[in-house]
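Protein chains: 2
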Amino acid sequence: MRKPVIIGVGAVPVGEHWRTSLRDMAVEALLNAMEDAGVDKVDSLYVGNMASGSFIEQENLGALIADFAGLGNIPAVKIEAACASGGAAVQEGVKAVMSGLEEVVAVVGVEKMTDAWPSDGTRYLGYAADSEYELFHGASFVALNALIMRLYMKEYGYTEEDLAHFAVNAHINGAKNPYAMFKRPIKLETVLRSPYISDPIKLFDASPMCDGAAAVIITTEEKAKEFVDKAKMVEVAGMGRAIDTINLANRKELLTLKAAKVAAEKAYKMAGIEAKDIDLFEIHDAFTIMAALSLESIGIAKRGEGVKLAKEGQIAIDGDYPIQTLGGLKSRGHPVGATGVYQTVEAVWQLRGESPNQVPDPEIALTQNIGGTGSNITISILRRV
Amino acid sequence: MRKPVIIGVGAVPVGEHWRTSLRDMAVEALLNAMEDAGVDKVDSLYVGNMASGSFIEQENLGALIADFAGLGNIPAVKIEAACASGGAAVQEGVKAVMSGLEEVVAVVGVEKMTDAWPSDGTRYLGYAADSEYELFHGASFVALNALIMRLYMKEYGYTEEDLAHFAVNAHINGAKNPYAMFKRPIKLETVLRSPYISDPIKLFDASPMCDGAAAVIITTEEKAKEFVDKAKMVEVAGMGRAIDTINLANRKELLTLKAAKVAAEKAYKMAGIEAKDIDLFEIHDAFTIMAALSLESIGIAKRGEGVKLAKEGQIAIDGDYPIQTLGGLKSRGHPVGATGVYQTVEAVWQLRGESPNQVPDPEIALTQNIGGTGSNITISILRRV
Numbered sequence: 000m001r002k003p004v005i006i007g008v009g010a011v012p013v014g015e016h017w018r019t020s021l022r023d024m025a026v027e028a029l030l031n032a033m034e035d036a037g038v039d040k041v042d043s044l045y046v047g048n049m050a051s052g053s054f055i056e057q058e059n060l061g062a063l064i065a066d067f068a069g070l071g072n073i074p075a076v077k078i079e080a081a082c083a084s085g086g087a088a089v090q091e092g093v094k095a096v097m098s099g100l101e102e103v104v105a106v107v108g109v110e111k112m113t114d115a116w117p118s119d120g121t122r123y124l125g126y127a128a129d130s131e132y133e134l135f136h137g138a139s140f141v142a143l144n145a146l147i148m149r150l151y152m153k154e155y156g157y158t159e160e161d162l163a164h165f166a167v168n169a170h171i172n173g174a175k176n177p178y179a180m181f182k183r184p185i186k187l188e189t190v191l192r193s194p195y196i197s198d199p200i201k202l203f204d205a206s207p208m209c210d211g212a213a214a215v216i217i218t219t220e221e222k223a224k225e226f227v228d229k230a231k232m233v234e235v236a237g238m239g240r241a242i243d244t245i246n247l248a249n250r251k252e253l254l255t256l257k258a259a260k261v262a263a264e265k266a267y268k269m270a271g272i273e274a275k276d277i278d279l280f281e282i283h284d285a286f287t288i289m290a291a292l293s294l295e296s297i298g299i300a301k302r303g304e305g306v307k308l309a310k311e312g313q314i315a316i317d318g319d320y321p322i323q324t325l326g327g328l329k330s331r332g333h334p335v336g337a338t339g340v341y342q343t344v345e346a347v348w349q350l351r352g353e354s355p356n357q358v359p360d361p362e363i364a365l366t367q368n369i370g371g372t373g374s375n376i377t378i379s380i381l382r383r384v
Numbered sequence: 000m001r002k003p004v005i006i007g008v009g010a011v012p013v014g015e016h017w018r019t020s021l022r023d024m025a026v027e028a029l030l031n032a033m034e035d036a037g038v039d040k041v042d043s044l045y046v047g048n049m050a051s052g053s054f055i056e057q058e059n060l061g062a063l064i065a066d067f068a069g070l071g072n073i074p075a076v077k078i079e080a081a082c083a084s085g086g087a088a089v090q091e092g093v094k095a096v097m098s099g100l101e102e103v104v105a106v107v108g109v110e111k112m113t114d115a116w117p118s119d120g121t122r123y124l125g126y127a128a129d130s131e132y133e134l135f136h137g138a139s140f141v142a143l144n145a146l147i148m149r150l151y152m153k154e155y156g157y158t159e160e161d162l163a164h165f166a167v168n169a170h171i172n173g174a175k176n177p178y179a180m181f182k183r184p185i186k187l188e189t190v191l192r193s194p195y196i197s198d199p200i201k202l203f204d205a206s207p208m209c210d211g212a213a214a215v216i217i218t219t220e221e222k223a224k225e226f227v228d229k230a231k232m233v234e235v236a237g238m239g240r241a242i243d244t245i246n247l248a249n250r251k252e253l254l255t256l257k258a259a260k261v262a263a264e265k266a267y268k269m270a271g272i273e274a275k276d277i278d279l280f281e282i283h284d285a286f287t288i289m290a291a292l293s294l295e296s297i298g299i300a301k302r303g304e305g306v307k308l309a310k311e312g313q314i315a316i317d318g319d320y321p322i323q324t325l326g327g328l329k330s331r332g333h334p335v336g337a338t339g340v341y342q343t344v345e346a347v348w349q350l351r352g353e354s355p356n357q358v359p360d361p362e363i364a365l366t367q368n369i370g371g372t373g374s375n376i377t378i379s380i381l382r383r384v
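Which chain is which? The protein sequence lines are A and B, in order. Counting from 1, position 161 in the first sequence corresponds to residue 160 in numbering that gives the first Met the number 0; the numbering is continuous, with no gaps. Counting from 1, position 113 in the second sequence corresponds to residue 112 in numbering that gives the first Met the number 0; the numbering is continuous, with no gaps.
Among the hints, a few may not be true.
The list treats identical chains as one, so a pair stands whether inside a single copy or across any two.
[What the hints assert, rightly or not] No farther apart than 27 angstroms at their CA atoms in a straight line, the calculated lysine-lysine pairs in the BS3-like style are these:
(1) 251 with 40
(2) 224 with 186
(3) 275 with 186
(4) 257 with 268
(5) 222 with 268
(6) 257 with 307
(7) 260 with 182
(8) 307 with 231
(9) 2 with 186
(10) 2 with 301
(11) 182 with 224
(12) 301 with 222
(13) 182 with 275
(14) 307 with 275
(15) 153 with 231
(16) 257 with 186
(17) 186 with 153
(18) 301 with 182
(19) 40 with 257
For the record, the hints were derived by calculation from the structure and aren't laboratory data.
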């Protein structure tokens, strides 16, 4: 099999970009990645995006972005897997390289959420759930996550304060990230005093509505040598992706992210590693409860003990299991279709030793991107070459 | 390289399915294809869909459909390339098989358009064009195609009647297709007397708003032997895909579909064939003008002479270049994200000798699927094994 490596990464800062369009953000991130890789053309483009049709009334993002980035008459499509669109787009880009049909592939994740009214945006995010079984009956996407958080607290005896540790950790790290939306540390009290958006989820348990774009350039190890030194190459050593029931009513077990479990096992096997070999984790903390469940489902914490890692500081940058090293979804921000690509960019920075919040000498990183309430999850294992 | 073959196809009739949901149509088409292939599980699912977020307020179609089809915890994503989403999804499914990461892949194209008000639907289709440069200024998607048709008629001296021949041919063939939305032949006068929807495009120059789903099962030739006889296998011998400028203002030449030209050349090269070797063509006649331009851009007709093939009857089922053998977008219908998969299903039926409107003993078929006003085009070459 051809060995896929990432040779360039780029992004724009996450934020409320009132004066920048989706296409401009995507093109900027893409050109940054191409410059980083030293390539001036690519064979194809994959765009990770969840809901541009709803947010900005624009589809056909493949053509839009490839056209305005000046990439010529190449193949270009959009990949959608709800909030896991970015992670899925990276994996599709890797597959394209592995297929032998394409040599150098660009992936850009982008979402422009702030052009919509927040109430409309909340509705659009609900399209990640089962609209006919959930959204149309009044359950917002936050409300569905709130049900899971409530159950988690009840089942294991945790408090809202316990889960708040994930948000605090995210902000500590995000404060060091020039690309983060929220660049200052917060205290536990900040989280606890913030208003409920869907009880027991508070504003500071949740990631923000925002705009952003991030990009990576993927090729084979063989071809990579034409463009960059070995120090700049990061191998995509393992990939897994799985779905679960799209609505919660049909799910047998709400406190295990089965899709994450299946995806992680597949990714570990492909990379020939175990969970304990991984040096850092960019997981999907759209809500603090999702951070806890993610750690438990990918084999880092035992069932019901994800929160303990947060309380004990093991998820901190100098802990045994550093997560969200540049702020995660909570602090860096969560421009939904772009998030999985931001995670990849940040993991690459770590593995190259270029991160503004560096984990000491990491070899292996994991990225985990969740779509829906755990219904579509991607896991990728990145490794230093 | 691994040789990709299609071993199963399925569909639901195109129409106004007021009492059937998107998920139900997609699941039915998918299960039909799986039954045809004799497989009871697949390794992953690709969903071709343009605008489910807008039409039915639902994203995350990969999880939705894989879940309700009972496919288990497999990878599943949506592929979007405007009206070429179906064609692109088939190609991504093929790439997945060629990557070696997956053995048996399902592709389903689906669109549910009739749940939206027609005026809203017209707007959603405009998202395939450049919303900020075209749609928001009042140019509907039909209007953009009308500009091209007007220019074509002026440049080459054709009349509206000349282009109407494409619609007549489509309906003659569609009348024999049990899956077609419009099952009766029409006359030239029918087209000419139909009202303008955007001068010079009349109602009968255009494909309808409708609902539908179609599916294919793809694997390697090696693996295919476990499931079906050779007679049921159809090779995906060549693939090409390319973008062009998304808005017409930036396009240098409006009367050549450059993306089709680039994609066709690539597909022919991969398949080791020339245009003249192809026995039938399922092209993208969303409007009659697009049928003419398509024939000219893929090397079947000279520039400005696509219409002649229609007038001379060469595009008929017994002509030298049979197109739209089961009605094309005009008569079978154009559930946008499903269309490219319907084209594939129909080409497979032809190559297996199972079509209800059979071309005599064909060896090679071409499918061509257009997104936007020619901004995102896929071409696939299918060949009897």
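Tested hints:
1. In the homo-oligomer, the alpha carbons of residue 251 and residue 40 lie at most 27 angstroms apart only across protomers (21 angstroms), although the nearest pairing inside one protomer, at 47 angstroms, exceeds that limit.
2. For the homomeric pair residue 224 and residue 186, neither the shortest alpha-carbon distance inside one copy (46 angstroms) nor that between copies (62 angstroms) is at most 27 angstroms.
3. Taking identical chains as interchangeable, the C-alpha atoms of residue 275 and residue 186 are never at most 27 angstroms apart, the minima being 30 angstroms within one chain and 71 angstroms between chains.
4. Within a single copy, residue 257 and residue 268 get their C-alpha atoms as close as 17 angstroms, which meets the 27 angstroms cut-off; across copies the closest is 43 angstroms, which misses it.
5. Proximity of residue 222 and residue 268 under a CA criterion of 27 angstroms is satisfied in both settings, with 25 angstroms inside one chain copy and 23 angstroms between copies.
6. In this assembly of identical chains, residue 257 and residue 307 lie within 27 angstroms of each other by CA distance solely inside one copy; the values are 21 angstroms within and 58 angstroms between copies.
7. With identical chains, the CA atoms of residue 260 and residue 182 are never at most 27 angstroms apart, being 32 angstroms at best within one copy and 49 angstroms at best between copies.
8. For the identical chains of this complex, residue 307 and residue 231 are neighbours neither inside a copy (35 angstroms) nor across copies (56 angstroms), given an alpha-carbon limit of 27 angstroms.
9. Taking the shortest alpha-carbon separations for residue 2 and residue 186, neither the intra-copy value of 44 angstroms nor the inter-copy value of 57 angstroms comes in at or below 27 angstroms.
10. Taking the shortest alpha-carbon separations for residue 2 and residue 301, neither the intra-copy value of 33 angstroms nor the inter-copy value of 43 angstroms comes in at or below 27 angstroms.
11. With identical chains, the CA atoms of residue 182 and residue 224 are never at most 27 angstroms apart, being 36 angstroms at best within one copy and 58 angstroms at best between copies.
12. Taking the shortest alpha-carbon separations for residue 301 and residue 222, neither the intra-copy value of 41 angstroms nor the inter-copy value of 39 angstroms comes in at or below 27 angstroms.
13. For the homomeric pair residue 182 and residue 275, neither the shortest alpha-carbon distance inside one copy (30 angstroms) nor that between copies (62 angstroms) is at most 27 angstroms.
14. Taking identical chains as interchangeable, the C-alpha atoms of residue 307 and residue 275 lie at most 27 angstroms apart only when both belong to the same chain, with a minimum of 17 angstroms there against 68 angstroms between chains.
15. Neither within a single protomer nor between protomers do residue 153 and residue 231 lie at most 27 angstroms apart by alpha-carbon distance, with minima of 46 angstroms and 55 angstroms respectively.
16. When the C-alpha separation of residue 257 and residue 186 is checked against a cutoff of 27 angstroms, the pair qualifies neither within a copy, at 32 angstroms, nor between copies, at 57 angstroms.
17. In the homo-oligomer, the alpha carbons of residue 186 and residue 153 lie at most 27 angstroms apart inside one protomer (24 angstroms), although the nearest pairing across protomers, at 70 angstroms, exceeds that limit.
18. Taking the shortest alpha-carbon separations for residue 301 and residue 182, neither the intra-copy value of 31 angstroms nor the inter-copy value of 60 angstroms comes in at or below 27 angstroms.
19. Taking CA atoms no more than 27 angstroms apart as the test, residue 40 paired with residue 257 passes between copies only; the shortest distance there is 19 angstroms, against 39 angstroms inside one copy.
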